[in-house]
Each structure stands twice: as C-alpha cells, then as structure tokens.
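Please model the entire structure based on the sequences and the hints provided.
Anchor point for the sequence shown: position 99 equals 99 in the numbering used here, and the numbering is continuous, going up by one each time.
Derived from the structure by calculation, the hints contain no laboratory data.
Please read all numbers here as calculations on a predicted model, not as lab measurements.
From the three backbone atoms N, C-alpha and C, an ideal C-beta is built for every residue, glycine too.
Be a bit skeptical, because a hint or two may be false.
[What the hints assert, rightly or not] In silico DMTMM-like cross-links for lysine to aspartate or glutamate, where the CA-CA straight-line distance does not exceed 25 Å: (1) Lys44 - Asp34; (2) Lys52 - Glu14; (3) Lys52 - Asp94; (4) Lys46 - Glu35; (5) Lys46 - Asp136; (6) Lys52 - Glu104; (7) Lys44 - Asp136; (8) Lys134 - Asp94; (9) Lys46 - Glu149; (10) Lys46 - Asp159; (11) Lys46 - Asp125; (12) Lys46 - Glu148; (13) Lys52 - Glu64; (14) Lys52 - Asp42; (15) Lys44 - Glu120.
[Claimed, not checked] Ranges of calculated distance between the beta carbons of each label pair, as one might list FRET restraints: (16) His133 - Gln102: 27 to 35 Å; (17) Ile2 - Leu57: 46 to 54 Å; (18) Glu92 - Lys52: 15 to 23 Å; (19) Gln22 - Arg67: 34 to 42 Å; (20) Gly138 - Gln85: 34 to 42 Å; (21) Asn108 - Met1: 47 to 55 Å.
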Amino acid sequence: MICPFCGYDNLPGEESCMHCGQPLAPLDMPQPTDELSQALMDTKIKQLRPPKPVTVLSSTPVREAIRRMVDFSIGAVLVVNDANQIVGIFSERDLLMRVVGQHEQFENLPVSMFMTPNPESVHPDHPVLFAVHKMDAGDYRHLPVVREERPLGVISARDILRFVANYL
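This is the structure:
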C-alpha cells in the first residue's frame, strides 16, 4: 500500500508506514458494496445470540465429550481448565480426523489428546464479518465467543448462514 502521507510503497498488510510511521490500517478497511455486506459489517456477534457454550475439562474422557455433543445436538464442545478458561475445542472434525480409525480404545482417553488447542476466538462486540473472515481463513466451522478468556458462547457456520438467510 502506498502511504498517502509520504508516498512510500509499503508491503501489503502493513499496519503503519515503514517510512513515516503513519497508521495505514484504517485505510485498508473494506467498503461495503451492497446491503448484505453492510449488515455483515454493522452487526455484532452478540446480536446473533450465540448459544451458551457446552464445556468439558481437558481430562474429560472422549466418550463423555461425544455424549455431550450428541445430547445438545452440537458440533463442538469447548475444552476449559479449572478456572473456566478455554484451552481447546473438540469438534466433529477432530473426532473424524484424529480419533476414529487411529485409536482403537479411545473412549476413556482424555479429550485433551485430540482437541484443537488454543482455538481462534471472537469477542461479542466484533462484527459478524470478522467471524466470517476467521472461519474462512482458518477453515473453521465453530468459533468460541470469548471475553477475558472466558467462554460466553460458540458461533457456527450454521449461525452465519441463518443470519444471511434471515437477512435475505
């Protein structure tokens, strides 16, 4: 990006000009091209009303994590420590890619062996478009909604599709 203040040709994605130090990030904001784009930028994640997260401790056996996913009809559980801080996420994809067919006696093994550690998350005040971008870039279908490392909810690709369908 060329700095509008000094004309220096910066590398794409630079937060500030490498020559004069002026901030460049505000200049790189996407501009909505239609009403749906505007809604995705203006709507906050908390407005999607993410459901309360289903959590398990990292020592929870895989069979119990699966049981909770089935009981609550969800695709992922958040893995938390004793202080209720997120340490991982265990999803259907983790089950299929890391457990089934690779471990014969997995039912009693701790979910921490198979979870995705330190998952990406979003804040309730982030725009929905921010979550869409994270889901797309990271190939995620579930994102924890977190405030101060404490889980508040989980949004899924289905929640985003529901928002778009309701908007249209």
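Report task. May I ask which of the numbered hints given earlier this structure violates, with the numbers listed in increasing order? Result -> 2, 6, 19 and 20
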